[in-house]
Amino acid sequence: MNVITSRSLTKAHLFRTQTRGYATISSSGPSPSLTTHTLGPFQVFDRETKRKQRDRAAYKNGGASSRTVDYVRDEIADRMMERLEDIKRKFSTIVDLGSCSGHFAKLLDPSTTRKCIMIDSSHGALHRDPDSEFEVEVERIHADEENLLQVINPNTQEAIVSCLSLHWVNDLPGILIQIKEALQPDGLFLGAMFGGETLFELRTALQLAEVDREGGISPHVSPMTDTRDVSNLLGRAGFTLLTVDIDEVKVSYPSMWELMDDLRDMGESNAVLGRRHIIHRDTLAAASAIYKELHGTEDGTIPATFQVIFMIGWKPAPTQPKPLERGSGKTNLKDVL
Amino acid sequence: MTPTGTIQTTKPLKRLAVHATTTCAEQASAYGKCILATYTDVRRDICKEEFDKFGRCLHEAVRIDFGHPFRKLMCFPQMKRKW
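These protein sequence lines map, in sequence, to chains A and B. Per the numbering used here, the very first residue in the first sequence carries number 1; after that it's consecutive. Per the numbering used here, the very first residue in the second sequence carries number 1; after that it's consecutive.
Any given hint could be a false lead.
Unchecked claim - Negatives, chain A to chain B, calculated, CB over 10 Å: (1) P154; (2) E197; (3) D212; (4) S255; (5) S288.
Said to hold, decoys possible - Calculated lysine-lysine pairs in the BS3-like style (CA-CA distance at most 25 Å, straight line): (6) A/K106 x A/K90; (7) B/K53 x B/K14; (8) A/K90 x A/K115; (9) B/K14 x A/K52; (10) A/K60 x A/K106; (11) B/K14 x B/K33; (12) B/K53 x B/K33; (13) B/K11 x A/K52; (14) B/K11 x A/K60; (15) B/K53 x A/K60; (16) B/K11 x B/K53; (17) B/K33 x A/K250; (18) B/K11 x B/K33; (19) A/K106 x A/K88; (20) A/K88 x A/K322.
What the hints assert, rightly or not - With the Cβ distance kept under 10 Å, some of the chain B side facing chain A (calculated, not the full set): (21) L13; (22) A17; (23) H19; (24) T21; (25) K48; (26) I64.
Worth flagging that the hints you see were computed from the coordinates, not collected in a lab. Think of the CB as a built atom: it goes at the ideal place given N, C-alpha and C, for glycine as much as any other residue.
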């Protein structure tokens, strides 16, 4: 997952006594204050590029292109809503972290919550749809999702949700800790993020094409989190009563080209640090042929998998149900079974 | 199928996309099958022959799309000397 540039490797080779950071970014990277040697291991994505891509996608054709490709986010938001409906509680405010244009917020109704605070780093996406499309009152905060505590005070929120935004966050353990801090005791965190199987067809097709045509591979599809890791991370961040489950959305496309067009219009183009900025057209053509042969269906379309990890966690509170102490059981299991 | 050049689209990448999936579908499929047969051990140029056919078809199809010679010069400056 770490991106190591050749420059830092040379440096490490020349000055063996010097300690080298786990990962480095290019000099035009997003955090100028962090130098090669102080950068943490959690720099995978170029956040500034991602913001620009999402702004561009949201502004394209006055938002029409972006609305056409809402289908994935709307579907996931709908499934996430089912999970929120299972929670028999009313909230006065819900924070939607990385709200995009409010796919989840639009599904909220006054019986669940009074107000929704949408936070997103892309101004274009955040302001794409007018207030009239929402049933509840919305407040829009244009801020970086990675620094939640700069806009939300600790111990203030009843519920924080995040629908398909965490997969572009560099420091996932960090953001989960921030979410927990921002919540009141017994506050709810409900999230959905893309999991490791997402777009595996595109990933493999591009890799095979690059190996055959150019003799090497470069990241075109982001590294994504595994389900196992999510429960560990939630636990480590201090959430209790965890629920983690996975779901899949499969979408059929006529060919790889339409898939890539749609991904771009969703603002989901590649933003991995140290990525190659161009793909040779031979490689693209090869990938399209491989995608079709390797994964294509009988009706001539190609499938694209979006794996989603849903997570629910609660901030600990003394009032919450807890497991009994070890050894306090009175009934022998043998008698029951 | 032979390159027909009947499909007119404006963007170069879009044009490549159209020809890769329609005009040269046969060659694309042959190339894809070749990779599929060896995908556990892919090396550089392992399906060179199949790709060359596919690439030639694409090149031909994309080239026919440019009607005006001036467009040719703009899009393939490396071929300038030939004309």
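Outcome of the hint check:
The Cβ of A/P154 sits about 48 Å from the closest Cβ of chain B, beyond the 10 Å cut-off, so the non-interface label holds. The beta carbon of A/E197 is kept farther than 10 Å from every beta carbon of chain B, the shortest such distance being approximately 18 Å. The non-interface label for A/D212 is inconsistent with chain B: the shortest C-beta to C-beta separation is roughly 6 Å, within 10 Å. At roughly 5 Å from the closest C-beta of chain B, the C-beta of A/S255 falls inside 10 Å, breaking its exclusion from the interface.
A beta-carbon of chain B comes within 10 Å of the beta-carbon of A/S288; the shortest separation is about 5 Å. Between A/K106 and A/K90 the alpha-carbon distance is near 17 Å, which keeps this suggested pair within the 25 Å criterion. For the given pair, B/K53 sits about 20 Å from B/K14 by alpha-carbon distance, which is consistent with the 25 Å threshold. Straight-line distance between C-alpha atoms of A/K90 and A/K115 comes to about 11 Å, which keeps the hinted pair within the 25 Å bound.
The suggested pairing of B/K14 with A/K52 holds, with an alpha-carbon distance near 23 Å, which does not exceed 25 Å. Pair hint A/K60 plus A/K106 holds up; C-alpha atoms about 22 Å apart against a cutoff of 25 Å. Distance restraint check for B/K14 and B/K33: the Cα-Cα separation of roughly 24 Å lies within the 25 Å cut-off, and the hinted pair is therefore satisfied. Simply put, B/K53 and B/K33 have alpha-carbon atoms about 14 Å apart, close enough for the 25 Å limit, and the pair holds.
With a CA separation close to 22 Å, the supplied pair B/K11 and A/K52 stays within the 25 Å bound. Simply put, B/K11 and A/K60 have alpha-carbon atoms about 16 Å apart, close enough for the 25 Å limit, and the pair holds. Taking the CA atoms of B/K53 and A/K60, the gap is near 37 Å; set against the 25 Å cutoff, the hint is violated. Annotation: proposed proximity of B/K11 to B/K53 holds, straight-line Cα distance about 23 Å (limit 25 Å).
Using a Cα cut-off of 25 Å, the hinted pair B/K33 and A/K250 holds, with the two alpha carbons roughly 24 Å apart. A distance of roughly 29 Å separates the Cα atoms of B/K11 and B/K33; the hinted pair therefore is violated under the 25 Å criterion. With a C-alpha separation of about 20 Å, the suggested pair A/K106 and A/K88 falls inside the 25 Å cut-off, and the hint holds. About 19 Å separates the Cα atoms of A/K88 and A/K322, which keeps this hinted pair within 25 Å; it holds.
Interface hint at B/L13: satisfied, since its Cβ lies 7 Å from the closest Cβ of chain A, which is below the 10 Å cut-off. With a least beta-carbon distance of about 4 Å to chain A, the hint placing B/A17 at the interface is held under the 10 Å criterion. With a least beta-carbon distance of about 9 Å to chain A, the hint placing B/H19 at the interface is held under the 10 Å criterion. Because the smallest distance between the Cβ of B/T21 and any Cβ of chain A comes to about 5 Å, under 10 Å, the interface hint for this residue holds.
Proximity of B/K48 to chain A holds as hinted, the smallest CB-CB distance being about 8 Å (cut-off 10 Å). With its C-beta approaching chain A no nearer than about 16 Å, B/I64 sits outside the 10 Å limit, and its interface hint is violated.
Consistency with the previously given hints fails for numbers 3, 4, 5, 15, 18 and 26, ordered from lowest to highest.
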